[in-house]
Amino acid sequence: MAQERGFSGTVRVTRHGEPVFTRAFGMASRRWSIPNTCDTRFRVASVSKMFTAVAVLQLVERKQVCLDDALVGFVKEHMPQLDPRVTVHHALTMTAGIGDWFEEGSDDWEAEWAALTSSHPLYLLRSNKDYLSLFAGKQPHSPPGERHLYNGAGYILLGLLIESVTGRSFEEVIADDVFARAGMSAAGFPALDDLGPDIAEGYLTTAGSPTPYRTNHYATTPGAAADGGATCSAADLTAFAHALRHGRLLNEETTRLALTPQVDEREEKVRGYRWMYGFGLTHILDDEGTIVRWGHTGEEDGASARLYHYPQQGLDVAVLGNISWCAGDMGWAIHDALVGN
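Just so we're aligned: the sequence shown equals residues 9 to 349 in our numbering.
Hints are computed from structural coordinates only; laboratory data are not their basis.
Be careful, since some hints might not be right.
[Unchecked claim] Derived SDA-like pairs: lysine to any residue, alpha-carbon spacing no greater than 20 Å straight-line: (1) K146 - T214; (2) K137 - G175; (3) K146 - D76; (4) K146 - L133; (5) K146 - Q89.
[What the hints assert, rightly or not] Derived DEER-like restraints, expressed as beta-carbon distance ranges: (6) E112 - E261: 26 to 34 Å; (7) G255 - Q89: 34 to 42 Å; (8) P92 - P43: 47 to 55 Å; (9) R31 - P92: 44 to 52 Å.
Even glycine gets a Cβ: it sits at the ideal position worked out from N, Cα and C.
Please model the entire structure based on the sequences and the hints provided.
The following block contains the structure:
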């Protein structure tokens with residue numbers, strides 16, 4: 009199935025924290041003929057939003073931040089013009105209505121991405137602050153709280169909030185307060201051009217080229233930020249899902265809040281499910297309102313990731329790939345096998 013779907017990466021399934029299936033496919037380095045293994049680390053793109061959300065909820069738990077606080081109070085140094093009606097809750101649930109550094113919801117996102125990369129070199133984007141110039145001056149899409157619209161800029165601002173409140177770097181907070189507590193021993197924030205061990209190279213497929221692939225070194229952001237870009241193994245991701253729901257990251261009350269859907273992502277059903285967004289999590293619900301699955305997706309050039317938890321089956325599923333868009337079909341194939349569609 010993996011070969012038929014063009015998948016290169018690692019799949020890991022755990023039940024109640026114990027592995028029931030782990031397998032690697034394809035090549036970590038096509039240049040050096042190094043295969044992916046079950047321990048290979050991959051960029052996880054927007055799956056990282058889950059880590060940012062947990063770190064913010066930890067601050068809420070410590071009463072250093074309130075969900076109804078005006079976000080500008082924490083990021084005034086960086087974005088003083090931010091609408092004071094925008095709250096921390098709005099940023100977490102992507103209902104702030106602010107312009108994004110890259111409008112992923114655009115009808116022609118490929119043209120938007122090409123325009124961005126031609127005017128602003130991606131190698132300049134190595135920290136949260138580096139993104140500010142790309143969205144701080146944009147007009148809002150809608151009033152705060154009116155609707156959900158996928159938005160990375162809000163998570164960039166949440167990363168700056170974390171730094172403002174803690175006095176520590178975003179990367180340090182996530183490493184100490186999320187990765188370490190969840191037992192994510194291989195997770196970290198190496199830059200795309202770092203020579204870290206056991207990290208898969210990212211690849212884009214090419215048409216009309218002497219070679220079928222090229223690396224993503226010039227095609228994606230080199231540094232991680234609060235809206236995406238951490239590097240993890242599949243075991244790291246399933247460890248995170250297990251730790252989140254078992255109180256290792258948040259107390260019982262905050263865990264319950266963290267796992268509660270907040271807003272509709274869209275009006276229509278997709279694949280027969282109602283889609284809702286929470287605090288860094290997408291939830292899909294059946295006709296009875298039961299949560300079938302929660303988790304997050306991640307896509308960037310040369311990185312494709314999925315982390316899902318299935319409450320009724322007690323299963324965690326991590327799909328990590330190092331070819332653009334390769335995890336999606338694999339994730340749905342596993343989903344259909346698990347829920348009987």
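Hint-by-hint comparison with the structure:
For a cut-off of 20 Å, the pair hint linking K146 to T214 is broken: about 33 Å separates their Cα positions. Among the hinted pairs, K137 with G175 is consistent with the structure: their alpha-carbon atoms are about 15 Å apart, no more than 20 Å. Using a Cα cut-off of 20 Å, the hinted pair K146 and D76 is violated, with the two alpha carbons roughly 23 Å apart. In summary, the hint linking K146 to L133 is supported, as the alpha carbons are separated by about 18 Å, within the 20 Å threshold.
Restraint check: the Cα-Cα separation between K146 and Q89 comes to about 10 Å, which is no more than 20 Å; the hinted pair holds. Hint check: E112 to E261, Cβ distance near 32 Å, so the stated range 26 to 34 Å holds. A hinted range of 34 to 42 Å holds for the C-beta pair G255 and Q89, which are about 39 Å apart. The given range of 47 to 55 Å is respected by P92 and P43, whose C-beta atoms sit roughly 53 Å from each other.
Separation of R31 from P92 is about 50 Å and conforms to the stated range, judged on CB atoms against 44 to 52 Å.
In terms of the numbered hints stated before, the structure departs from hints 1, 3, listed from lowest to highest.
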